[in-house]
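Q: Here the protein sequences line up with chains A, B, C and D, keeping their order. Straight run, no breaks: the first sequence in the numbering used here ends on number 416. Straight run, no breaks: the second sequence in the numbering used here ends on number 416. Straight run, no breaks: the third sequence in the numbering used here ends on number 416. Straight run, no breaks: the fourth sequence in the numbering used here ends on number 416.
Any given hint could be a false lead.
To be verified - What follows is a list of derived Cβ distance ranges for each label pair:
1) A177(C) with G345(A): 15 to 23 Å
2) D196(B) with G380(A): 46 to 54 Å
3) P253(D) with G182(A): 29 to 37 Å
4) D291(B) with A177(C): 29 to 37 Å
5) A398(C) with G380(A): 19 to 27 Å
6) R286(D) with D251(A): 31 to 39 Å
7) P344(C) with D101(D): 28 to 36 Å
8) D101(A) with P351(D): 45 to 53 Å
9) G380(D) with N69(C): 55 to 63 Å
What the hints contain is simulated information worked out from the structure, not anything from laboratory work. Keep in mind the model is a prediction, meaning the values are calculated, not measured. Glycine residues also receive a C-beta, built at the ideal position from the N, C-alpha and C atoms.
Here is how the chains run, residue by residue.
There are 4 protein chains.
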Amino acid sequence: MNHSFASDNAAPLCPEALRALETANQGAAPSYGDDAVTERAVEAFKELFETDCAVYFVSTGTAANALALSAFCRSHHAIVCHEGAHLQTDECGAPEFFTGGAKLLLVGGAHGKLGPGAVEAVVRRRAGDVHFSKPAALSLTQSTEAGTVYTGEEVAALAEVCRAHGLRLHVDGARFANAVASLDVPPRTLTWEAGVDVLSFGGSKNGMGLSEAVVFFDRDLAKDFEYRRKQAGQLSSKMRFLSAPWPRMLLEGHWLRYARHANAAAARLALGLRGLPGVRVLHPIEANAVFLDLPEEVHEGLSRAWAYHPFEGSGHRFMCSWQTTDAEVQALVTDLGRLAGGEAAHHMR
Amino acid sequence: MNHSFASDNAAPLCPEALRALETANQGAAPSYGDDAVTERAVEAFKELFETDCAVYFVSTGTAANALALSAFCRSHHAIVCHEGAHLQTDECGAPEFFTGGAKLLLVGGAHGKLGPGAVEAVVRRRAGDVHFSKPAALSLTQSTEAGTVYTGEEVAALAEVCRAHGLRLHVDGARFANAVASLDVPPRTLTWEAGVDVLSFGGSKNGMGLSEAVVFFDRDLAKDFEYRRKQAGQLSSKMRFLSAPWPRMLLEGHWLRYARHANAAAARLALGLRGLPGVRVLHPIEANAVFLDLPEEVHEGLSRAWAYHPFEGSGHRFMCSWQTTDAEVQALVTDLGRLAGGEAAHHMR
Amino acid sequence: MNHSFASDNAAPLCPEALRALETANQGAAPSYGDDAVTERAVEAFKELFETDCAVYFVSTGTAANALALSAFCRSHHAIVCHEGAHLQTDECGAPEFFTGGAKLLLVGGAHGKLGPGAVEAVVRRRAGDVHFSKPAALSLTQSTEAGTVYTGEEVAALAEVCRAHGLRLHVDGARFANAVASLDVPPRTLTWEAGVDVLSFGGSKNGMGLSEAVVFFDRDLAKDFEYRRKQAGQLSSKMRFLSAPWPRMLLEGHWLRYARHANAAAARLALGLRGLPGVRVLHPIEANAVFLDLPEEVHEGLSRAWAYHPFEGSGHRFMCSWQTTDAEVQALVTDLGRLAGGEAAHHMR
Amino acid sequence: MNHSFASDNAAPLCPEALRALETANQGAAPSYGDDAVTERAVEAFKELFETDCAVYFVSTGTAANALALSAFCRSHHAIVCHEGAHLQTDECGAPEFFTGGAKLLLVGGAHGKLGPGAVEAVVRRRAGDVHFSKPAALSLTQSTEAGTVYTGEEVAALAEVCRAHGLRLHVDGARFANAVASLDVPPRTLTWEAGVDVLSFGGSKNGMGLSEAVVFFDRDLAKDFEYRRKQAGQLSSKMRFLSAPWPRMLLEGHWLRYARHANAAAARLALGLRGLPGVRVLHPIEANAVFLDLPEEVHEGLSRAWAYHPFEGSGHRFMCSWQTTDAEVQALVTDLGRLAGGEAAHHMR
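Assemble the whole structure, with the sequences as input and the hints as a guide.
A: Structure follows, in structure tokens:
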């Protein structure tokens, strides 16, 4: 079974991340994040985002999202998000757990994206009614679970709704790198300049190991966050091993290079499938995911050799990573072409 | 500032653990723990403990303890532990958070150890009174925060109190390896044979990176634990990097070798301090920690060059690790000898 | 502004309930529920349900529902309920709070009712997937928020789905009396005989003051419930004032008499509206609620004199209580008739 | 068994409270606190305290305390209180539950009272250390669990420590009336003038039924409190029955009259015991409680006829209420005198 397209977290660490771990593995160092390696990593984020943000490393994306939201969402609050948001569909109630009982308010939207009108409608619906959880945050995913991206303008429009209604804006950036690579803008354009308060910046899907960064652009929200991280079991004693890869990845540009690579692989995959009978691309290819509607018999055959994920109502997902090779894309296209009885493979030559 | 004695988690990864990470870093693999490396790691625990236990890897000791306890402790429960337990003094309320509000019931005891009589007294005190949190767990630390160990008989005596009163027995084994090394018994003797229900087995302080294992000897307690781990943000997508070091460490014996090394360094340090005027060893040296009562001026001088931790009412802690060298021990002894005005260093020759 | 149709909890205590409070108000009595009055009230439930149930009094319906569910739902669980369930729409996240983060899984269904097929589908959807909250309970409302009722057979069919998938069955019976009155069956038929595990039996809407009863038909689920009630701030010191009305209400039949009265008022109201131009009854009238689709101008006029509640997508709700008089029904019908320009009032004569 | 001295919540409602309930029981009224009776009750508090406070009624003292604290204490916080505080000893972990995991930091102090030095010491001990819960509140009990009172100056001294360290000051005033009666000062003197941020004002022990008032003197802390009360199952639908007694009790002076009565009964009881062999009064009699150290055989005999509570390390508690009669005091003194073999009863004449 080939797992190359199962998820971008199926890939190993990229060489630069691994080297950074090895380099950091020298002698005794202060534990719990009071070390020089971690300090350097925090600085790298400030440089990348061109602002004085507060940065905290945690071990999973679920923890990054839920902890970040818990910084300002309490049990009586609601968190607005897309009905297909990872927050809702794949975190086993982590936002509810970390906040002690906040409710997710689900909003629909084509291709995994939220629009300001739909967000405002759900926020207004029960405004001021103490019988219903009070909206306190909007969380959007960038790039989205459907492989699409929000432009800076789109983020800003959502941020405006947030400001108007007293919500804070969180971005689940498990694949933030892919969005930046897709839009080719400075990271600040998609974050604090657009009104984002806090970002979960994913390391794992970008080629690192277990490290995710919670980046507060509004430092006031980070008050006591260190306590919350500790209490939630996310203050690693050997923190340098979570923080070490970041400076190299961010400042030498590997984060963006790899994201571009993954995005390009997805584009190439989609291109290879054009015209395949019965195979339909379900969402615009703007990042590193390709969602396909497959004829049942094609899926049956394909899933014997390739691991990929079915998404309720959204077909099957093929995810590219920093490591996806042209050969793998070609092999997948070939198999699909063969099973679909088409000549798709020819498109690639 | 030399951090070699600050904590055993100030040390880097041991070579075997690092090599295991590098070896595991090959190609795409199923994420979230469904990979062969993780399966092998789980098997390694079963082999080590000679029983069919349920094993889960998490990223910190705090998460290991709090999650393990939350498997069977709910908000209305109480968890009995030593007043100096890490659970109480250094986890920022993690047990309370993960259980949604359980109360820690603190018990005193010389040298960081709990006795069955004191435990039974606190359990009986409000038994059946709905106005007070109901004891549901006893958590002991092995080796203890004071650097001492419980024998298998001592654990069994505590387990008996647990059984008599409907409590489950948890062991915080952040330094479990040091206890096994100290007592030179099979791991089973200190765990399931003695009545332990669940163990937090520490990897970090034993020479690994971020990995801790939650080991349920009573598999019934592990029901739904996978959900709880996920919800708590502890299901790592690239799980193989948490699990990879364990098979090598456990099955090739490095875990025990390194623990013995750390214990021996502590013993050597204590030996070197014998007769130093004003310097008093506060607890028996049974594992890898040395607690010293230091004259104020000695502490003032020493703390300029060496990092170590003051413990309320327990003097200063010097902790040895898998990496502590004889030269470091000698250098610390020499400095202490010089500052204490004695000739302690001579004892070592 | 007339509040008679705003809600059945707008009504005062019925005379029998008030008399019971006065009678119980004699001399000193053991506090926290250890009194004879409370004992008698518990016995009254056993007699009514013809079974040995465990009964606990709390002060609100929200507490009754959320506490009952928290007895067996933990933070990683999901609770299946109707998308219009009070649990979801009007408890400000209480189920999430009391369980520490459980997720509500919403299911649609005509007229506020759940069907076994829809429930089974949502339970199966992510079965065994640790990335999503695990269904542990089904909660249905009886009579429903739409003023309809489940027959014993319908409850049993849902209970069968629960059994097949390891869920427990909770009934939000804030208006349980109205359902029993509507179906004219023994209470056991709609509860334990049909497979219900725990019932929130509403006193407030049935004519009592602040008292709701949590009734566990499966006594095993009630283990430790007394601790949970205390911790949740629901163990009243002067418990007799919560429990006193129940024996009179239940054993002298006032609960059922008043529920019949309220149901009859709703039926009469619906009858009076027949043929009113533009006024449409939205749900079958099976209990004490009438949901109307009103022309905007009718609503505008009517809401100047009468308090009633708009329900998203379900028109306007007019709720009858133990105290609703024929004159009030007639006055409302007359006003509606006048505003709708019809001759509806005539129907009543 | 006579329960008159078991607790002040063993007493029934006083006539004024009962009359107020009966008076409020007229016709339909808006539910959930939007009624005129509740509005009047809120105004009564503003008048009593001579300030614009925010007032919320809940059904138990445990809920009042825990909800009030949860308004500004989160899971990573600590709440400083006396080791004998009701919060710690008799609420089954409610503060931990409502805050999602805050830790109680226990401080000793003679006669149930906290001193500023001891409070400051515990707050400073781990200040700034993210490995330990961050103190965010001080909670003192007024009158205390030992039947003593804090003067306004004593409260102000504690408030100063709070201000210096960023803590908010909560008062558990389950017996606030008894403190005011004892010190004979305006209520403002013991609350906002002394720096109290929020008060749990007890109705139940003062002669009312189930009603406790949470009074925020710092209105900023009350932001969103209505949501939290609802989510916690404490927003009663028939709120008027919680609020109705307050205006009469507060504005007609019954609250103070009854508290004086209870205090006087305690004083009279203590006086009657003077010189009884082996019977020792353990705490100053400043409110309505008398704590006695009793010879074992006296306790054995006495407890056959009288209900009273043993307190760990504090002897036996005899609590007087609004209803305690001279005859009951005399009867208790007589029994004690007989059992202790002394002539104590004579002292009363």
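Q: Confirm or reject each hint.
A: Comparing the hints with the structure gives:
1. A177(C) with G345(A): 15 to 23 Å: violated, 36 Å
2. D196(B) with G380(A): 46 to 54 Å: Taking Cβ atoms as reference, D196(B) and G380(A) lie about 52 Å apart, which means the hint holds.
3. P253(D) with G182(A): 29 to 37 Å: Because 57 Å falls outside the window, the suggested range is violated.
4. D291(B) with A177(C): 29 to 37 Å: Holds, at about 34 Å.
5. A398(C) with G380(A): 19 to 27 Å: violated, 50 Å
6. R286(D) with D251(A): 31 to 39 Å: violated, 49 Å
7. P344(C) with D101(D): 28 to 36 Å: holds, 33 Å
8. D101(A) with P351(D): 45 to 53 Å: Because 49 Å falls inside the window, the suggested range holds.
9. G380(D) with N69(C): 55 to 63 Å: holds, 59 Å
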